[in-house]
Amino acid sequence: MALNSKRRAAAVLTGIVAVSLSAAACGGGSSDSGSGGTAAEDTTDYSKWCDMKSELQGKTVSIYTSIVTPEDAPHKASYKEFEDCTGVTIKYEGDKDFEKNLPQRAQSGNLPDVAFVPQPGLLQTMVDTGKAIPASKTVSDEVDKYFGADWRKYGSVDDELYAAPLGANVKSYVWYSPKKFTEKGYKVPTTWAELMDLTAKIATDDPAAKPWCAGFGSGTATGWPGTDWLEDVLLRTAGKDTYDQWVAHKIPFNDPKVVEALGKVAAILKDPKYVNGGFGDVSSIATTTFQDGGQPILQSKCYMHRQASFYASNWPDGTKVAEDGDVWAFYLPAVDSSSKPVLGGGEFVATFRDAPEVKAFAAFLASPDWANAKAKATTGGGWVSANKELDPANLVSPIDQQSAKILQDPAAVFRFDGSDMMPSAVGAGTFWSEMTNWVKGQDDKTTLDNIEKSWPAS
Amino acid sequence: MSTATPAPVPESVANEAVEEAGGGQELETGKKRGKSAAGNAARAVSSKWASLFAVVMALAWTTPTFGLFVTSFREQKDIQSTGWWNAWRTGFTMDNYKQVLQGAEGQPPLTDFFVNSFVIVIPAVLLPLLLASLAAYAFAWIDFPFRNALFVAVFALQIVPLQIALLPLVTMFQDLGLGGSYWSLWLSHSAFALPLAVFLLHNFMKEIPASLLEAARVDGAGHVRIFFQVLLPLIAPALASFGIFQFLWVWNDLLVALTMLGGSPELAPLTMILNTISGTLGNRWYLLSAAAFISIALPVAVFLSLQRYFVRGLLAGGTKG
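These protein sequence lines are chains A and B, in that order. If you read the first sequence in the working numbering, its first letter stands for residue 1, the second for the next number, and so on. If you read the second sequence in the working numbering, its first letter stands for residue 1001, the second for the next number, and so on.
Some clues are possibly wrong.
List of simulated lysine to any residue pairs, SDA-like, C-alpha gap at most 20 Å [unchecked claim]: (1) A:76 x B:1103; (2) A:76 x B:1109; (3) B:1098 x A:70; (4) A:76 x B:1167; (5) A:301 x B:1082; (6) A:96 x B:1098; (7) A:91 x B:1116; (8) A:100 x A:221; (9) B:1077 x A:325; (10) A:59 x B:1266; (11) A:301 x B:1080; (12) A:100 x B:1116; (13) B:1077 x A:299; (14) A:76 x B:1265; (15) A:320 x B:1080; (16) A:100 x B:1162; (17) B:1077 x A:70; (18) B:1077 x B:1285; (19) A:96 x B:1282; (20) A:257 x A:301; (21) A:180 x A:319; (22) A:340 x A:97; (23) A:100 x B:1167; (24) A:270 x A:292; (25) A:145 x A:406.
The set of hints was computed from the structure by calculation and includes no laboratory data.
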């Protein structure tokens, strides 16, 4: 009897061991992320990545991004040329909680080789961990050659370039219905005064609808469309230098110029005659999701919706996005036509492993080869880059072509979305929440004072 | 196997115990007899008002779910323009389900990730059940030094929220070379489940009459035999109910998977895909309701088929009804 039970126990044990062994065998694909470290001066010219097959063959580069389905498919497709040429395998991982998880992965030593960082502020955080690797000489040269100086600045920390720009988006857009505009005889406004005149005209012409619709709702990030509004207007009323000072907190958040800009935003978003077409009163802006925010344009309940170029993908299937289609976007006018400020965003390619295959891949991503390959691969539209060599003809959708032209326009003054560069306590915290309170009824001064108070001291 | 030598048992008790253990039938009737506590509870909740309250509660809890269910059959433009209660006017479509199941424009089909979820959930349920029932047996029936103190310590771990252990765990798995593998998930889910599992199963084992075990010992059974042949069949309802708990928890878990599986997108369970299915900018959130219903189909089926054990396991002790 005792022997029997012993044998049974042994059998059970061997069973467990066998299961765990075989499981270990199939589950053991641990990632091969490397650690940082300062690189010795590396003079290899990585722009010749296509001739490096002998050196790179069989290597893997893991990339980690905030870009998930369906926008990730064109990304994966655009690496094909690099993979074919070098024999390197690109392992793509998209995560909607990228911003939260990347610093966590730095902490636990599980960093990817390459990360597409969408905010200069986060890039700064990653450089502070000491794990990010400065851009190679090739990438640095490419950035100088193919991107504007403003873009280089956004990818640099303390004047050292860490990350080359990747994609871009233009936020200074107002979505509207060209059909409706033609029907009513409205012209696309080119100055701020014209925009306000048009707003007033629509409000009297069509009492059943409202000139503007907006939605600030975005889950835990609720309020960000409001920050874009304020930034866009401030960039117009106060100019780029004031804007830069404001973002860097060299002038207080509640500077009189900012108060003036917020007043201009309030003249649209807080006037019950002008909003919120299709949803209700002013406070409905806070509860409407940004995805839904512009949809009433299709039902003629609203005429204009200020939102970035990427809003193009939020229209339902079958909506024609074109200058003569169902919806289209015009450039949010400046105060007058003498300047052309553009508010936008983009991603930057940060690297965390010092290896030739990673550097070659980064060099590939900064090149026009990639920008044009990506443009062709993005068959659904909704992508653009600030790369000067990107041929707008390769872009599929008309709105992307227009964005590329705006970004490449020498007269355009590009400024990165300010909330992405402020300390996250403000840029991803009080700025969002106070703008939400503002649209719910809090006055301008209290709103700006509250944000100023929350700015971290240092 | 001889940590505790069976104590000599008075003959009469032994006989009684053997008789009691004689057959399952005896135990079944025993269950029917002991209904005092449950009976009182049943009488208390079967009054008219209690029933009304229960119905109202049930409606309040099910309405949002029902709304979500209706939404999953509506077209994108209908979802975005009107509430689900207008569905009878605007019509229904299977498109969302088709798109989610078959995959569309770069979206891998949801069915691919069912397998991953299974691979994660099965060991993550069996492992803590096995370990916890062994530990519970030791705590209940083997006398060893500091037994009570250790038992309290194990249960006290239940108070520690798993969130504070997550990052150190990831770092540890990373150092062990298990980072981003199924092992990190299995082990962490097991670890998080063990305190409660040990506690529940211990209480069950404790309720089994000592005479039964003594009888088994007299018949020559050691600990292993007692555990597998006497105790395990008796605590089956408890195992089942904890198994369901753990199954639902692991199946629905997003946090642990998201933290542990960084860098291994190919191992992602369903919840991680659900998390990304709405798209980078949330422009495909109309797919979420359909995807959510697909992913809960299995847990609902498991729960319905095992709920008999679930209720019995929660309400009853080992041999009492």
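When the hints from earlier in the document are held up against this structure, which numbers fail?
4, 6, 12, 20 and 22
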